[in-house]
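Protein chains in written order, with the numbering used here: chain E, 8 to 87; chain R, 8 to 87; chain P, 10 to 744; chain C, 293 to 514.
In short, the hints are calculated from the structure, not lab data.
Beta carbons: idealized from backbone N, C-alpha and C, even for Gly.
Heads up, a few of these hints could be off.
Just the calculated beta-carbon pair ranges, DEER-fashion [stated by the list, open to error]:
{"#": "1", "chain 1": "P", "residue 1": "R571", "chain 2": "C", "residue 2": "R420", "range": "46 to 52 Å"}
{"#": "2", "chain 1": "P", "residue 1": "H144", "chain 2": "R", "residue 2": "R62", "range": "40 to 46 Å"}
{"#": "3", "chain 1": "P", "residue 1": "E25", "chain 2": "E", "residue 2": "A59", "range": "29 to 35 Å"}
{"#": "4", "chain 1": "C", "residue 1": "R370", "chain 2": "E", "residue 2": "K80", "range": "49 to 55 Å"}
{"#": "5", "chain 1": "C", "residue 1": "E369", "chain 2": "R", "residue 2": "K71", "range": "45 to 51 Å"}
{"#": "6", "chain 1": "E", "residue 1": "A59", "chain 2": "C", "residue 2": "E452", "range": "40 to 46 Å"}
{"#": "7", "chain 1": "E", "residue 1": "K9", "chain 2": "C", "residue 2": "E478", "range": "39 to 45 Å"}
{"#": "8", "chain 1": "C", "residue 1": "T445", "chain 2": "E", "residue 2": "N18", "range": "38 to 44 Å"}
{"#": "9", "chain 1": "E", "residue 1": "G41", "chain 2": "R", "residue 2": "E42", "range": "41 to 47 Å"}
{"#": "10", "chain 1": "P", "residue 1": "P390", "chain 2": "C", "residue 2": "T427", "range": "51 to 57 Å"}
{"#": "11", "chain 1": "E", "residue 1": "A87", "chain 2": "R", "residue 2": "K71", "range": "50 to 56 Å"}
{"#": "12", "chain 1": "E", "residue 1": "E70", "chain 2": "P", "residue 2": "E25", "range": "37 to 43 Å"}
{"#": "13", "chain 1": "E", "residue 1": "K80", "chain 2": "P", "residue 2": "N542", "range": "45 to 51 Å"}
{"#": "14", "chain 1": "E", "residue 1": "E70", "chain 2": "P", "residue 2": "Y381", "range": "40 to 46 Å"}
Sample of chain E residues lacking proximity to chain P, with all beta carbon distances greater than 12 Å (derived) [claimed, not checked]:
{"#": "15", "residue": "K17"}
{"#": "16", "residue": "D22"}
{"#": "17", "residue": "P23"}
{"#": "18", "residue": "K26"}
{"#": "19", "residue": "A27"}
{"#": "20", "residue": "G34"}
{"#": "21", "residue": "L35"}
{"#": "22", "residue": "D50"}
{"#": "23", "residue": "I83"}
{"#": "24", "residue": "E84"}
{"#": "25", "residue": "L85"}
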Amino acid sequence: MKARVFVTLKNGVLDPQGKAIGHALNGLGFGSVGEVRAGKVIDLELAETDEAKARENVKAMCEKLLANTVIEKYEIELKA
Amino acid sequence: MKARVFVTLKNGVLDPQGKAIGHALNGLGFGSVGEVRAGKVIDLELAETDEAKARENVKAMCEKLLANTVIEKYEIELKA
Amino acid sequence: MAVITPQIVKEHGLSEEEYGRIKQLLNREPNLVELGIFSVMWSEHCSYKSTRAHLRKLPTKAPWVLQGPGENAGVIDIGDGDAAIFKMESHNHPSFIEPYQGAATGVGGIMRDVFTMGARPIAMMNALRFGEPSHHKTRHLVSGVVSGIGGYGNCMGIPTVGGEVNFHKSYNGNILVNAMCVGLAKANNIFLSAAKGAGNPVVYVGSKTGRDGIHGATMASAEFDDASEEKRPTVQVGDPFTEKLLLEACLELMATDAIIAIQDMGAAGLTSSSAEMGDKGGSGIELDLDKVPQREANMTAYEMMLSESQERMLAVLKPGREAEAEAIFKKWELDFAVIGITTDTKRLVVKHKGAVVADMPITALSDEAPIYERPFEHRAPVAGTPKFDPSKKVTDSLVKLLGTPDMASRRWIWEQYDYTVMADTVQCPGGDAAVVRVHDTNKGLAITTDVSPRYCRANPFEGGKQAVAEAWRNITAVGAKPLAVTDNLNFGNPQKPEIMGEIVGCIEGIAEACRALDFPVISGNCSLYNETNGEGILPTPAIGGVGLMADVHRMATVAFKREGDAILVIGETRGHLGQSIYLREIEGKEEGGAPPVNLAEEKKNGDFVRKLIADGRVDTVHDISDGGLIVAIAEMAMAGKIGAEIGVAGTTPDAIPFFFGEDQARYVIAAPAELAIRIDDEAKDAGIFVAMIGKSGGDSLIIAREGEVRLSVLRKAHEEWLPAYMSGEEVPASN
Amino acid sequence: MKSAVIVFPASNCDRDAQNALKQLTGKDPHMVWHGETDLPDVDLVVLPGGFSYGDYLRCGAMASQSNIVRAVKAHAERGGAVLGICNGFQVLTEMHLLPGALMRNADLKFVCRPVTMTVEETQSAFSRKYQSGQTVSFPVAHGDGNYFADDETLKRLEGENRVVFRYVEGDNPNGSANDIAGILNEKRNVLGLMPHPERVVDPLLGGTDGVAMFQGLIESLG
Ligand SMILES: Nc1ncnc2c1ncn2[C@@H]1O[C@H](COP(=O)(O)OP(=O)(O)O)[C@@H](O)[C@H]1O
Ligand SMILES: [Mg+2]
C-alpha cells in the first residue's frame with residue numbers, strides 16, 4: 008500500500024517560501040496568481056495492507072516525525 | 008480557482024531527504040515503511056476561472072519556474 | 010470590548026498589585042488593548058523589573074564607550090572613525106518549543122538590534138546550553154537549533170564565527186540559545202531610538218504583520234510547565250531573505266539624513282518599539298493601525314499591537330522625506346507605510362477603524378513600570394577540596410576528557426555555519442577568540458562568549474568574575490585588547506530568594522571583574538524564569554566580549570607551529586580541582602569551591618601575554634580553562650598536528666591537580682627556545698609566575714614518568730563524540 | 293580585464309567577489325543589479341555566491357528568471373567569460389548554461405570547510421594557470437552542492453574534459469556525482485563551481501589557491 012502525506016504550514020503561519028514564489032510568478036507575468044503556500048509531499052511505500060491500520064500508522068509517523076505540529080498540519084492519502 | 012502542484016524527483020534521481028526520512032522512520036520503529044520519496048507541494052490561488060486555461064497557465068508556471076525538469080516532474084490538480 | 014476580570018489580568022502575567030497600579034496611572038480601568046500593552050511593557054522581558062536595581066551596579070563607562078546600555082545595542086570607538094556595535098540576546102523559550110525557528114528568529118532579532126543602529130553586522134556568535142545528551146529531547150534540540158542558527162545567519166551572509174556549548178541536566182527542560190551580533194559603523198553615523206520632536210511621520214517598514222508570537226514577551230517571563238507546550242502558536246517563523254533585504258534597505262536609507270530615530274520591532278513588536286521611541290524622545294506617538302501592512306484578515310488592534318512578526322522596523326523620519334524613503338524600500342520590494350505621527354503629548358494613542366483603542370501616558374509604560382527589590386539569599390558558597398583517586402593515569406583521563414560532551418570538538422556545529430563569508434574572518438572557530446578583520450584595514454575585532462555555569466552555581470560571585478575574566482583572557486590570548494562586553498543573564502525564577510541570590514551574586518561578580526579589567530558592559534539582556542517544573546537551570550550569565558587588535562598580522566592562535574618550541578605556562582598553577590571538569594567527568598562529582606579569580610594577577614598576566622603577541626614575538630598562545638593545563642596543551646597539539654613532550658610532574662600525588670586543576674589567569678605559550686628563555690626572564694622580572702614545562706615536537710604527547718599518547722588517539726576522542734552522538738538518530742533538516 | 297558582478301536579492305558573496313577582482317585586476321568590477329536589462333561592456337561576468345531569493349523553491353531558480361540573466365546568456369553566447377560560484381553555479385544550471393542540477397547535500401546539512409580538489413583540466417581561461425593534477429584547497433559553504441546529471445551527461449562531461457575541479461577522494465563534502473566540484477560548458481567559456489576561489493586570495497584568510505583562477509582570466513581576457 009502507498010501513502011502520500013502532505014505537510015503544509017498551518018493557516019496564519021508565515022510562509023516565506025510561498026510568498027517568494029508568488030512574488031516571482033507575478034514578476035514572470037503570471038498576474039492571475041494570488042496567494043501561494045508551499046509545503047512538502049512525502050510518498051511512502053508501506054508493507055501494511057489494511058487501510059485502517061495503515062492510516063493509523065502514517066498518522067503516528069506524522070505526529071512523531073513527518074510534520075512539525077507546532078507550525079505544520081498534515082493530510083494523508085492512501086492508495087492500494 | 009485553486010491549483011495544487013506536486014513537484015517530485017524523477018525516478019532514478021537519488022533522493023537523500025527521502026532516504027533519511029525512511030531511515031529515521033525505521034529507526035523510530037515504523038518497520039513497515041519501504042521506499043520514501045520527498046517532494047514539494049505548492050498551492051496557488053488563481054484569478055482564472057476557466058479550467059482549461061488555468062491548467063495551461065499552471066503548466067507554464069511549472070515549466071518556467073516551479074519545477075526543474077532536469078531532475079523533477081510535476082503533477083497539477085485543479086479545484087474550483 | 011471585554012470587561013477586565015481578575016482571570017484576564019492573571020493571564021496577562023500581571024499581579025493584582027500591578028493591575029491596581031495600572032488603574033491608578035490611567036485613572037480608570039484599562040481596556041483590553043491597553044491591558045495587553047501594559048502586560049508586555051511591564052513584563053520581566055521588557056521592564057527588567059527584577060534585575061534593574063542590580064544592573065545599575067555594572068560599570069558601563071570608559072573613554073572608548075560611545076553608547077552604553079539603554080539603546081538597541083552598545084557602541085564602542087575602535088579608532089579611525091570606526092565604531093563596533095554589539096549585543097547578545099536570548100531566544101530560550103521559543104527555541105525549546107520549536108528549535109529551528111526559535112533559534113533562527115533569535116539570530117534575526119539580534120541582527121536587527123545591531124543594524125537598526127546603523128551598523129553592518131560582521132560576525133555572529135552563539136552561546137548554547139542543552140540538557141544531558143541522554144535526555145530524549147537533546148539531540149533533536151541540538152540539531153534544530155544549530156540548523157536554525159545556520160539557516161538564518163548563512164542566508165544573511167554574515168559569518169557565524171564562534172560560540173560555546175554545554176550539556177547539563179539542569180537544562181533538560183529549558184535550553185539556552187543566546188546569540189550575539191557584532192556590527193561595524195562609522196562613529197559619526199550611529200542611529201538612536203529617540204523619537205524627538207512633534208509632527209514627524211512614523212513609518213513602518215519590512216514584512217507584513219501577522220498573528221505571530223502574540224504574547225511571546227509575556228511567555229518569556231513566565232515559568233515553563235508541561236502544559237505550556239500547548240501555548241504553541243507563539244512560534245514565529247523567520248524569513249532571512251526579507252531580513253537581508255531589510256538590512257540593505259535600512260543601510261541605504263541611513264546613508265541619507267532622513268531618519269530621526271529608528272528601532273527594530275522585537276519582543277512586543279509595535280508596542281514596545283513605539284513606546285520606547287516616544288519615551289526616549291520625550292514625545293508622544295499616535296498610531297493608526299488601519300495603515301499597518303497586514304498579512305491576515307480581520308486582525309484586531311490587540312493582535313496588531315502585540316504581534317511579534319519578524320523582520321519589521323519602525324522609524325521616525327524628518328517631515329517631507331517619506332517619498333525618498335519609500336522609494337528605497339520599494340526598490341528592495343519591502344512594505345513601507347506611514348502609520349503615525351509624533352506628538353507633544355507624551356501619550357501613546359492608538360487608533361483603529363476610526364476609534365481610539367488605547368490612550369495612555371508613555372511614562373506609565375516605562376518609568377512607572379514596577380521595579381522590584383526582590384528578597385535574596387546568598388547561599389554559602391560551596392567550598393572545600395574534594396577527594397580524588399591519585400592512582401588514575403593522567404594520559405587515560407586526558408583521552409577520556411577530550412571525548413566528553415563538554416570538551417569534545419564543536420566542529421560538527423561550526424561546519425554548519427558559514428564562517429568565512431565576507432572574507433574577513435582571520436581566526437576561524439576553534440581558537441580562543443574569533444578574529445574578524447575590519448574591512449579594508451589591518452585592524453581586527455576579537456570576539457568570544459564565555460561563562461562556566463558550574464562555577465556560578467557553586468559561588469555566584471566568583472563565577473560572575475570568572476566569566477568576565479575568561480572572556481577577557483580569550484581575547485587577550487589572540488593578541489587583542491579587550492574593550493567591552495555584552496551579557497546575557499540567564500537564570501531561574503527571581504521570585505525565589507536563592508535564585509535571586511544567584512542573580513545578585515553573579516551581577517556583583519561581573520561588576521567587580523569588569524571594573525578591575527577596565528572592561529565595561531555596554532549592552533545586555535536578562536532571561537529569567539528559566540525553570541521547568543520548579544527546577545532552575547544552572548546560573549548562566551553568558552559574557553560576550555569584544556577586543557581590538559591593531560594589526561591582524563600579529564595575531565596568536567592555539568596551534569603549535571614549529572617543532573622544538575619551548576612550552577611555557579604563564580600564571581600560577583596551584584591545582585584547584587573544585588568544580589573542575591576532571592572531577593565531574595572522571596570522579597563523577599560536582600563538588601568543591603569554584604576557582605577563585607585574582608583580578609590583579611589576571612590583568613598582570615594578560616597584559617604581559619598580549620604585549621608579547623602585539624610585539625610580534627609570540628604567535629602561539631592558548632588560555633587555560635575547562636580541563637586545565639594538559640587539556641590546553643593537547644588542544645594546541647591537535648590544532649597544530651605537532652605533539653609535545655612535557656617534562657614535569659609525572660605520576661606523583663600532585664600530578665592530577667597540576668594537570669587538570671582549573672586555576673585562573675593562566676596561559677600556555679610556545680616559542681623558539683632562545684626567545685622562550687628571554688620571556689621566562691622577563692616574566693620573572695615582572696613578578697609573574699612562569700614555568701617552562703616542555704617542548705613541541707613529534708606526533709604524540711609525552712608526559713615524563715606518565716607515558717605517551719598519540720595525537721591520533723587524542724584527535725579521535727576529541728573529534729568523534731559529537732558527530733557520533735548526533736548521528737544516533739537522523740532527523741531530516743527542516744526545509 | 294573588465295568585469296561585472298551580478299547582484300541578486302540576497303546575494304551575499306557579491307562583496308567577496310568584488311574584493312577579489314579589485315585586488316587582482318586593480319580595477320573595480322561593475323556591480324550590476326539583477327533588475328537591469330543590459331550588461332556594461334565587460335570581459336568577465338561573475339554570478340556570486342549567496343542565497344538569491346532566500347534559496348526558496350530551489351537554489352538559483354528565481355534568480356535564473358531575472359532580467360539581467362538574458363544579457364548574461366547573450367554574453368556567454370558571444371563567447372564572453374562567465375564564472376558562477378556556489379549560488380552562481382546553481383543559477384547557471386537553472387539557466388541551462390551548464391548541464392545537470394545541484395541538489396541538497398547528501399547528508400542534508402549545510403557544510404562550511406576547506407576542501408581539497410584536484411585540477412583536472414587546464415584548457416580553459418579559468419584553469420590555465422594551474423598545473424594539471426595539482427591539488428588546491430578552497431572553502432565550500434553550501435547546503436545544495438550535490439551535483440547531479442544523468443549518466444549520458446556525465447559521460448559527455450568527462451569525455452570532453454569539462455570537469456575542471458574534482459574533490460579529492462574522501463573529501464567530497466556533498467555527495468556530488470563523480471566527485472565533481474566544477475564544470476565547464478561546451479564552449480569552455482562558462483565555469484560553475486561550488487567551492488569559493490574568491491575567498492582564498494589572501495594568505496591571511498586561509499590561502500591563495502584561488503589567485504591562479506583570476507590570473508588565468510586576466511591573462512586570457514586582457
Ligand atoms: N556554538 C558554537 N558555534 C560555533 N563555534 C563554537 C560553538 N561552540 C564552541 N565553538 C568554538 O569551539 C571552540 C572551543 O570552544 P570553548 O571550549 O568554549 O572555547 P574556550 O574554552 O576558549 O572559551 C571555540 O573556538 C568556539 O568558538
Ligand atoms: Mg579559551
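> When the hints from earlier in the document are held up against this structure, which numbers fail?
Replying inline: The structure conflicts with hints 1, 2, 3, 5, 6, 9, 11, 13, 15, 16, 17, 18, 19, 20, although it agrees with all the remaining ones.
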